Each structure stands twice: as C-alpha cells, then as structure tokens.
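Visitor: Sequence:
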Amino acid sequence: PALRRGQADAELVAVVDRLLGVADDGPRIAALDVLRQVGPTAEADRSGAVTALLADRSAPVRAAALRAAAAFPSVLKDDGARTAVVEALGDDDPEARVAAIRLALDVRGVATDRALRRALEDESPAHRAALLAAIQSSKAYAADLRLVGVVAGALTDD
2 PALRRGQADA ELVAVVDRLL GVADDGPRIA ALDVLRQVGP TAEADRSGAV TALLADRSAP
62 VRAAALRAAA AFPSVLKDDG ARTAVVEALG DDDPEARVAA IRLALDVRGV ATDRALRRAL
122 EDESPAHRAA LLAAIQSSKA YAADLRLVGV VAGALTDD
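Throughout the sequence shown, residue numbering follows this note's numbering, covering 2 to 159 in sequence.
Hints in this document: simulated from the structure, not taken from any laboratory. Small disclaimer: the values here were computed from a predicted structure and weren't measured. A hint or two may mislead.
The following label-pair restraints were derived from C-beta to C-beta distances [said to hold, decoys possible]:
{"#": "1", "residue 1": "Glu122", "residue 2": "Gly22", "range": "36 to 44 Å"}
{"#": "2", "residue 1": "Asp25", "residue 2": "Thr113", "range": "19 to 27 Å"}
{"#": "3", "residue 1": "Ser125", "residue 2": "Thr84", "range": "30 to 38 Å"}
{"#": "4", "residue 1": "Glu122", "residue 2": "Val16", "range": "19 to 27 Å"}
{"#": "5", "residue 1": "Glu44", "residue 2": "Gly22", "range": "30 to 38 Å"}
{"#": "6", "residue 1": "Glu124", "residue 2": "Ala15", "range": "24 to 32 Å"}
{"#": "7", "residue 1": "Gly22", "residue 2": "Ala127", "range": "13 to 21 Å"}
{"#": "8", "residue 1": "Pro74", "residue 2": "Ala11", "range": "37 to 45 Å"}
{"#": "9", "residue 1": "Ala3", "residue 2": "Gly27", "range": "43 to 51 Å"}
{"#": "10", "residue 1": "Arg115", "residue 2": "Gly7", "range": "29 to 37 Å"}
{"#": "11", "residue 1": "Ala11", "residue 2": "Arg115", "range": "19 to 27 Å"}
From the three backbone atoms N, C-alpha and C, an ideal C-beta is built for every residue, glycine too.
Turn these sequences into a full structure, and let the hints steer you where they fit.
Guide: What follows is the structure in structure tokens.
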C-alpha cells in the first residue's frame with residue numbers, strides 16, 4: 002500500500018522504529034525515507050528521531066534526516082535542529098550539503114540568507130556538481146533567482 006502523509010498504522014511504526022535502531026546506515030536511511038513521506042502522525046511522532054539524526058556521524062544518514070526534516074514542522078522550529086541545518090550547509094559531504102541547501106531553499110527561515118549564500122557560493126567541484134544536479138532536477142530551482150550565480154558560474158568555468 003502507498004504511504005500517506007500523516008497516516009501510519011502500528012505495524013509501520015514498529016518497522017520504522019526497528020530500522021531506526023539498527024547501527025547500519027541502509028536501514029536508518031530507509032526509515033528516514035518513510036518518515037519523509039509520512040511525516041508526524043497522531044499515533045507516532047518521530048520528530049525526535051529526525052532531529053537526533055541530523056547530527057549523525059554518517060553523512061548519508063545526515064542527508065536522509067535533512068530530507069525528512071521538511072515533513073516535520075516541529076523539527077524546523079527546534080533551535081538545535083536549525084543549528085544542525087546551518088552546520089550542514091557547510092558539510093564536507095556533497096549529498097548532505099545539497100540536502101541542507103534544498104531544505105533552506107524550500108523552507109524560508111530555516112537558515113539565514115547569509116549561511117545559504119555561503120553554501121551556494123562554494124566552488125569546490127564535488128559540491129558544485131551535486132548542486133547543479135539538484136537544480137537540473139527541479140523546475141522550481143531552475144526558476145529560483147537565488148541560484149542564478151551557481152548556474153552562471155558553471156557556464157563560465159573552463
């Protein structure tokens with residue numbers, strides 16, 4: 002059955018909780034993807050798990066938590082989570098950094114404009130390539146004037 006925002010039965014919640022408790026990245030990333038699609042539910046709000054995983058030592062898990070955070074309004078209001086998002090804008094891992102940039106672009110006020118601008122201006126090849134791929138994959142990003150510099154910079158690079 003398809004996942005629906007705000008709806009999760011006890012069985013799904015139990016599976017997500019088991020996956021979140023596994024030490025390996027894959028199951029935790031899968032659980033975060035489910036949480037991204039479902040968001041908080043009356044039966045089981047996993048905002049705390051999403052917030053905690055924003056600071057995980059694993060970059061792929063941090064990236065998945067950043068993608069899931071958009072579905073959890075309470076996470077985005079939490080000062081610690083907002084700090085983690087700003088820190089992720091400078092993450093060494095391109096996937097985590099782009100996930101943070103996407104979150105900052107999609108949810109106004111989750112990071113300062115200055116922090117977002119600094120992340121967008123990073124010219125390191127791995128980050129630039131990942132960011133350009135994200136821009137290419139979204140009509141909204143392609144039309145976002147905050148991203149003009151990124152695209153223009155790519156056009157002038159040798």
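Visitor: Each hint: holds or not?
Guide: For each hint, the structure was consulted:
1. Between glutamate 122 and glycine 22 the beta carbon distance is about 39 Å. The supplied range of 36 to 44 Å therefore holds.
2. In this structure the supplied range 19 to 27 Å is violated for aspartate 25 paired with threonine 113, their Cβ-Cβ distance being about 34 Å.
3. At roughly 23 Å, the beta-carbon separation of serine 125 and threonine 84 lies outside the given 30 to 38 Å, and the hint is violated.
4. At about 41 Å, the beta-carbon gap between glutamate 122 and valine 16 misses the expected band of 19 to 27 Å.
5. Restraint check, glutamate 44 to glycine 22: a C-beta distance of roughly 18 Å breaks the suggested window 30 to 38 Å.
6. For the pair glutamate 124 and alanine 15, the supplied restraint of 24 to 32 Å is violated, since their beta-carbon distance comes to about 46 Å.
7. Against the hinted window of 13 to 21 Å, the Cβ-Cβ separation of glycine 22 and alanine 127 comes to about 32 Å, which falls outside the hint.
8. For the pair proline 74 and alanine 11, the beta carbons lie near 23 Å from each other, so the given range of 37 to 45 Å is not met.
9. Roughly 22 Å separates the CB atoms of alanine 3 and glycine 27, a value that falls outside the hinted 43 to 51 Å.
10. Distance hint check for arginine 115 and glycine 7: the Cβ-Cβ separation is about 34 Å, which falls inside the suggested range of 29 to 37 Å.
11. Range check, alanine 11 to arginine 115: Cβ separation about 44 Å, and the 19 to 27 Å hint is violated.
Of the hints listed earlier, those the structure fails to meet are numbers 2, 3, 4, 5, 6, 7, 8, 9 and 11, in rising order.
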